[in-house]
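Just so you know, the sequences run in chain order A and B. Sequential numbering from 430 applies to the first sequence in the working numbering. Sequential numbering from 292 applies to the second sequence in the working numbering.
If you're looking for bench data, these hints aren't it; they were derived computationally from the structure. All values derive from a computational prediction rather than experimental measurement. Incorrect hints may appear among the rest.
Output of the computed footprint for chain B on chain A, the stretches with three or more beta carbons under 8 Å from beta carbons of chain B [as the list claims (entries may be wrong)]: (1) 437-443; (2) 458-465; (3) 474-486; (4) 501-508; (5) 548-560.
The following label-pair restraints were derived from C-beta to C-beta distances [claimed, not checked]: (6) Glu-524(A) with Pro-438(B): 50 to 60 Å; (7) Ser-355(B) with Ala-447(A): 14 to 24 Å; (8) Arg-526(A) with Glu-309(B): 31 to 41 Å.
Per the computed footprint, the stretches of chain B lying under chain A, defined by three or more beta-carbons under 8 Å from a beta-carbon of chain A, are [claimed, not checked]: (9) 378-387; (10) 437-449.
All C-beta atoms, glycine included, are put in the ideal place defined by N, C-alpha and C.
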Amino acid sequence: MAIDERKIIAAVAGLGIAGNDEGLIPAFGLYLTKHLADYYNRISFATVRRLEQTPELIEDGAFLLIEAGHVCAFNTFGGVMKSAEWDAVVRPMIESREDWLRGMVAVVNTFGWGRWRIQELVPGERLVITVEDSYEATGWRRDYPQSERPRCYLANGGVAGLMNLLYVGDILSSPELTESYYRQLFRGENRFVATEHRCLAKGDERCEFAAQRLLTSAS
Amino acid sequence: MTGPGDAPHFDAQKNLVELAGRRLVFHCHHYNLFLQRIIEDALPEEGPRIQMLAAAEAVRIILSELFGASPEAELQDKLARARALFGSLGFGLAQPEELGAMGGRVQLATSHYAIGWRSKFGPSQRPVCHFAVGYWVAALTAACNLPPERMHGRELQCAATGAPSCILAVEVQ
Numbered sequence: 430m431a432i433d434e435r436k437i438i439a440a441v442a443g444l445g446i447a448g449n450d451e452g453l454i455p456a457f458g459l460y461l462t463k464h465l466a467d468y469y470n471r472i473s474f475a476t477v478r479r480l481e482q483t484p485e486l487i488e489d490g491a492f493l494l495i496e497a498g499h500v501c502a503f504n505t506f507g508g509v510m511k512s513a514e515w516d517a518v519v520r521p522m523i524e525s526r527e528d529w530l531r532g533m534v535a536v537v538n539t540f541g542w543g544r545w546r547i548q549e550l551v552p553g554e555r556l557v558i559t560v561e562d563s564y565e566a567t568g569w570r571r572d573y574p575q576s577e578r579p580r581c582y583l584a585n586g587g588v589a590g591l592m593n594l595l596y597v598g599d600i601l602s603s604p605e606l607t608e609s610y611y612r613q614l615f616r617g618e619n620r621f622v623a624t625e626h627r628c629l630a631k632g633d634e635r636c637e638f639a640a641q642r643l644l645t646s647a648s
Numbered sequence: 292m293t294g295p296g297d298a299p300h301f302d303a304q305k306n307l308v309e310l311a312g313r314r315l316v317f318h319c320h321h322y323n324l325f326l327q328r329i330i331e332d333a334l335p336e337e338g339p340r341i342q343m344l345a346a347a348e349a350v351r352i353i354l355s356e357l358f359g360a361s362p363e364a365e366l367q368d369k370l371a372r373a374r375a376l377f378g379s380l381g382f383g384l385a386q387p388e389e390l391g392a393m394g395g396r397v398q399l400a401t402s403h404y405a406i407g408w409r410s411k412f413g414p415s416q417r418p419v420c421h422f423a424v425g426y427w428v429a430a431l432t433a434a435c436n437l438p439p440e441r442m443h444g445r446e447l448q449c450a451a452t453g454a455p456s457c458i459l460a461v462e463v464q
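Chain A with its partners taken away, still in its complex shape:
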């Protein structure tokens, strides 16, 4: 395989991403933070647990947090794949469209989100990813009783977002990451959605996500 994940991780970790003189981290066309996983987990889980107290809002809580994951994927993954750093480090390894996805997963593995692994990739059709030490699931498991539902909302949105950037949109053509382009990728009937079939928070050994087209998923 052309993508050398260890080399990518070493290169990105070596960028020394940290706040500048203004206390900000402008990178990849974004303002980044090195944030506290406990913070995200507390605000996300407090919100979703509050909504789950009302039976008809159970799905709404998950929907909102997964949508935040879509926004993250679109802007962060999209921004990274359009960046000079991507061109310098990852692009020389790329031999196919699928390598864009493999390269982005390697970059994700520098974000502190856990260890993402591609288990299956059928171009344009299906992506299965496992995550070891997902920060969402480990946070849930530490602070709450075993869950009846999967809890990795951010990762769920991220997995679907990878496929939407590659196979609904065309991140290879370096599009502007506008609101209308977001709607094109994440609102159409042809979009990908992900399901977390296994989750550490439910007692599974690791978290596992499958993304496929909405119409395929519904049928």
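Assemble the complex: chain A is given as a structure, and chain B must be docked to it using the hints.
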């Protein structure tokens, strides 16, 4: 000013980033502000307080661990370390010189959340720096080893609403 253990550690075998034994994760302003907005849309009354308390809890654990390694340090030295960490993690440029053992004010010359909100959504009708309020409540809690129940924080003005800078108030009750 920094102290021992203030730099996050990346474990390349596990792909984890840790600071004082707690996990750090990279996220951008699009995610941070969208997440904040949906929480406040879903829970308009509770949302800001949920975020402020979550920040205070998470930050207090980290700073208590870091400050615990140098218990003899002066208050202003501890607050200077909190300021350096705040900036290095990308949350903004804080000026805590008016913060003392009984509370006071922190000015944010830049704020990730205020800049991010304006960039993503335009001007806000209300202050948005709930994380920063919780952060500085936690900084004083950890620096003075006070019970968190005695602390109260709020944002007096916010750059997201058009103010020239953000000003936070921390009170010890």
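A quick look at each hint next to the structure:
1. Chain B is given as covering the stretch 437-443 of chain A, and this holds because 3 residues of the stretch bring a CB closer than 8 Å to a CB of that chain, at least three being needed.
2. For the stretch 458-465 of chain A, the assignment as covered by chain B holds, since 7 residues bring a beta-carbon within under 8 Å of that chain's beta-carbons and 3 suffice.
3. Beta-carbon proximity to chain B at under 8 Å applies to 4 residues in the stretch 474-486 of chain A; the threshold of 3 is reached and the given coverage holds.
4. Counting residues of the stretch 501-508 of chain A whose CB lies closer than 8 Å to any CB of chain B gives 5, so the stated coverage by that chain holds, three being the minimum.
5. Residues of the stretch 548-560 of chain A lying with their CB closer than 8 Å to a CB of chain B number 0, which falls below the three-residue condition for coverage.
6. Between Glu-524(A) and Pro-438(B) the beta carbon distance is about 59 Å. The supplied range of 50 to 60 Å therefore holds.
7. Between Ser-355(B) and Ala-447(A), the C-beta spacing of about 23 Å keeps the proposed range 14 to 24 Å intact.
8. The hinted window of 31 to 41 Å between Arg-526(A) and Glu-309(B) holds, with their beta carbons roughly 35 Å apart.
9. Requiring three or more residues with a Cβ within less than 8 Å of a Cβ of chain A, the coverage given for the stretch 378-387 of chain B holds, as 8 such residues are present.
10. Evaluation of the coverage hint for the stretch 437-449 of chain B: breached, as 0 residues show C-beta separations to chain A shorter than 8 Å, against a requirement of three.
Checked against the numbered hints given earlier, the structure breaks hints 5 and 10 and satisfies all the rest.
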